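Residues per chain, in single letters:
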Amino acid sequence: MAKTLFEKVWDAHVVASPPNSPSILYIDLHLIHEVTSPQAFTVLRERGLKVRRPQQTIATMDHSTPTTPRGLDGIIPVVDAMARAQLDQLVKNCQEHNIRVFELGTEHQGIVHVIGPELGLTQPGMTIVCGDSHTSTHGAFGALAFGIGTSEVAHVLATQTLLQYKPKTFEIRVDGQLADGVVAKDIILAIIANIGVGGGTGYVLEYTGSAIRSLNMEARMTICNMSIEAGARAGMIAPDDTTFEYIIGRQYAPKGKAWEEALAYWRTLPTDEGATYDRQFTLNADELVPMITYGTNPGMGMPITGQVPDPAKVGDASEKAGLEKALQYMGLQPNQPLLGHPVDVVFIGSCTNSRITDLRLAADMLKGHRVAENVRVLVVPGSQQVKKQAEAEGLDKIFKEAGAEWREAGCSMCIAMNGDQLQPGQYAVSTSNRNFEGRQGRGGRTFLASPLTAAATAIHGVITDPRTMIRAKQPIEVN
Amino acid sequence: MIMEPIKPFSSVAVPLPIENIDTDQIIPARYLKVTDKSSLAEGLFSDWREDPNFVLNDERYKGAQILVAGHNFGCGSSREHAPWALKAYGFRAIISTYFADIFRNNALKNGLLPIVVDAETHQKILDMIAEVPQTTIHVDLEAQTITLPDGQSVTFPIDAFSKTCLLEGIDELGYLFTQMPAIEAYESAHPPRVSIGGA
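Protein sequence lines, in the order shown, are assigned to chains A and B. For the first sequence, this note's numbering begins at 1 and goes up steadily by one. For the second sequence, this note's numbering begins at 1 and goes up steadily by one.
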């Protein structure tokens, strides 16, 4: 029977399917971090349980970690006592259970969804979970990867399995070619604006089509990362040569004969001819323009040249109330354009857009410019390895000379629980994934956009269409 | 931790008819810097509670155990602190037209009942509350019904496994251990795909 990519990975991991019960699904790789794991280790401790497969578990520090530059001693200071206690607890838990942990500031520390792929841990056909909804990121490699709660973290730690009902499948097909200045972030923002923040609920998304195939791995990760913003726990892209070229040679990638065997298996994973999906949606990449959000969920997005929607024109009472509430929070008027709207902060980073290709896009835009006065610009690499690579390429100098802050690796202002945050009322253009009320700091107001749009906005201090800047420069590689 | 079985109960229902309430609203990230589950109740809807007109600041809803929310409740972050905070505050059931997947899973594991009703019933409940602010709803998990003050009984769906767990207070981790022979068999047939060195 013809199967989809998802079905192949699912079927290969079903340990048992008892009647009238969820399936028991085997987990190949478990990623943990300081915020959603401590209470899970407490469960293990209370019951006298061990971590079943420490060799398939890895820990990093990212959410509550400061990104402030290192002191003269080379150490990143953690001044928040609660954050410090949380980080110490992670180390203690990992030592007790023999789990490798990448501590703050060390060589491989970084955002959990940046380091997994970077280390070659994320591989096609795997099941990968983490107590973090953006685990969907790893689906870019043809893995089934999804976020779980802390009770489930305990389940995986103790049994290496999860109880799961099989989700439905949803093909998102994107054909065509992106115009200059339009990037992966614009694709995913357009998809979510179309299907809505609940549109993917109950489904695993599979992104297909020529526009997806032409993206590099980091752009694919940006797309899969935001699957959860459409309500889908997972998003997947079939592995291909682009995927294999990314993985080969990385630290935990299979080597030698094991590589050949893995490769042969990975090549069987793409969706079979004739396999069907429960639902489909098609988007034409030719017509896409840079996207920006105007509201308080990622589905409230529009072309950057557009106007803020008018609640008076919304028929559904509940949707209308939601839009009114969002515009009130954002301090925006119906029908106003966003181009030219002033911002206080530009944030370039997060598990959506903090990889080396994201930083190259931003640096290309900022090179030879100064950021606008009164605009704070934070550039936060996703991992220590990304930071090192960026510095080797001189990108840090471009950012600093432009007047931006070059920070240590972490989640930073995407989650605002680590000292990096907006002040009440401030506006930010952010390359992160959520524009929820208060997400980037209590009272802060977020416009989600691509690294190109963020960098163009940083230069002018007002929301700027990156295409107007690109036309004035040499053509750049945007994908 | 073995859960307390969910028995039938009645409570005043709190109206919060907003769509797409995300877990950052339910509990902002600044409350996640803890290593236990205490003190989460104070974080529940903490930004919205700053508004004196917010519904949870209404004395009439003090002690209420049922929340009636707009569709896609619990979207966004996977933080289980959201159902922990709702439970710690005193809620035992949330009624909506649908829930975000991760939130629903997390709620079920904590004895917080996500009750899905159709749009018409949802609106009827909200209309009833608009008329009589302290509207009491009866919840019976075993019968899979909610009963409204006018006597109308509405059934709600729940999967058989979760229902049994909630009614009998069975915890899923304990259940998974009963499946250990199958897990061991799977592992012996499938070598690990990665092997990471220890701490």
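Please note: incorrect hints may appear among the correct ones.
[As the list claims (entries may be wrong)] A few chain A positions that, by computed beta-carbon distances, are all more than 12 Å from chain B:
#, residue
1, 17
2, 69
3, 88
4, 159
5, 325
6, 394
7, 396
8, 434
9, 436
[Claimed, not checked] No farther apart than 30 Å at their CA atoms in a straight line, the calculated lysine-lysine pairs in the DSSO-like style are these:
#, chain 1, residue 1, chain 2, residue 2
10, B, 7, A, 50
11, A, 325, A, 3
12, B, 33, A, 168
13, A, 388, B, 33
14, A, 50, A, 166
15, A, 313, A, 325
16, B, 87, B, 163
17, B, 37, A, 50
18, B, 124, A, 320
19, B, 87, B, 62
20, B, 163, A, 166
21, A, 92, B, 87
22, A, 92, B, 37
23, B, 124, A, 325
24, A, 320, A, 92
25, A, 166, B, 62
26, A, 325, B, 62
27, A, 92, B, 163
28, B, 87, A, 166
29, A, 3, A, 166
Since the hints were made in silico from the structure, they are not lab data. Please read these numbers as outputs of a predicted model, since none were measured by experiment. Ideal Cβ positions, reconstructed from N, Cα and C, are used throughout, including at glycine.
For each hint, the structure was consulted:
1. 17: violated (10 Å)
2. 69: Holds: least Cβ distance 22 Å, greater than 12 Å.
3. 88: Given a closest Cβ separation of 9 Å, the condition is violated.
4. 159: violated (5 Å)
5. 325: About 7 Å separates residue 325 of chain A from the closest Cβ of chain B, which leaves it inside 12 Å; violated.
6. 394: holds (33 Å)
7. 396: Since the minimum Cβ distance to chain B is about 28 Å, residue 396 of chain A lies beyond 12 Å and the statement holds.
8. 434: violated (6 Å)
9. 436: violated (4 Å)
10. B/7 x A/50: violated (33 Å)
11. A/325 x A/3: With a Cα-Cα distance of about 43 Å, the restraint between residue 325 of chain A and residue 3 of chain A is violated, given a limit of 30 Å.
12. B/33 x A/168: violated (35 Å)
13. A/388 x B/33: holds (28 Å)
14. A/50 x A/166: holds (28 Å)
15. A/313 x A/325: holds (15 Å)
16. B/87 x B/163: holds (18 Å)
17. B/37 x A/50: This hinted pair holds, its Cα atoms lying about 21 Å apart.
18. B/124 x A/320: At roughly 19 Å apart (the allowed maximum being 30 Å), residue 320 of chain A and residue 124 of chain B satisfy the hint.
19. B/87 x B/62: Holds. Residue 87 of chain B to residue 62 of chain B sits at ~14 Å (cutoff 30 Å).
20. B/163 x A/166: holds (18 Å)
21. A/92 x B/87: At roughly 29 Å apart (the allowed maximum being 30 Å), residue 87 of chain B and residue 92 of chain A satisfy the hint.
22. A/92 x B/37: holds (19 Å)
23. B/124 x A/325: holds (23 Å)
24. A/320 x A/92: Status violated; Cα separation ~49 Å.
25. A/166 x B/62: Violated. Residue 166 of chain A to residue 62 of chain B sits at ~39 Å, over the 30 Å cutoff.
26. A/325 x B/62: holds (25 Å)
27. A/92 x B/163: violated (37 Å)
28. B/87 x A/166: At roughly 28 Å apart (the allowed maximum being 30 Å), residue 166 of chain A and residue 87 of chain B satisfy the hint.
29. A/3 x A/166: holds (14 Å)
The structure does not agree with the numbered hints 1, 3, 4, 5, 8, 9, 10, 11, 12, 24, 25 and 27 stated previously, though it agrees with the rest.
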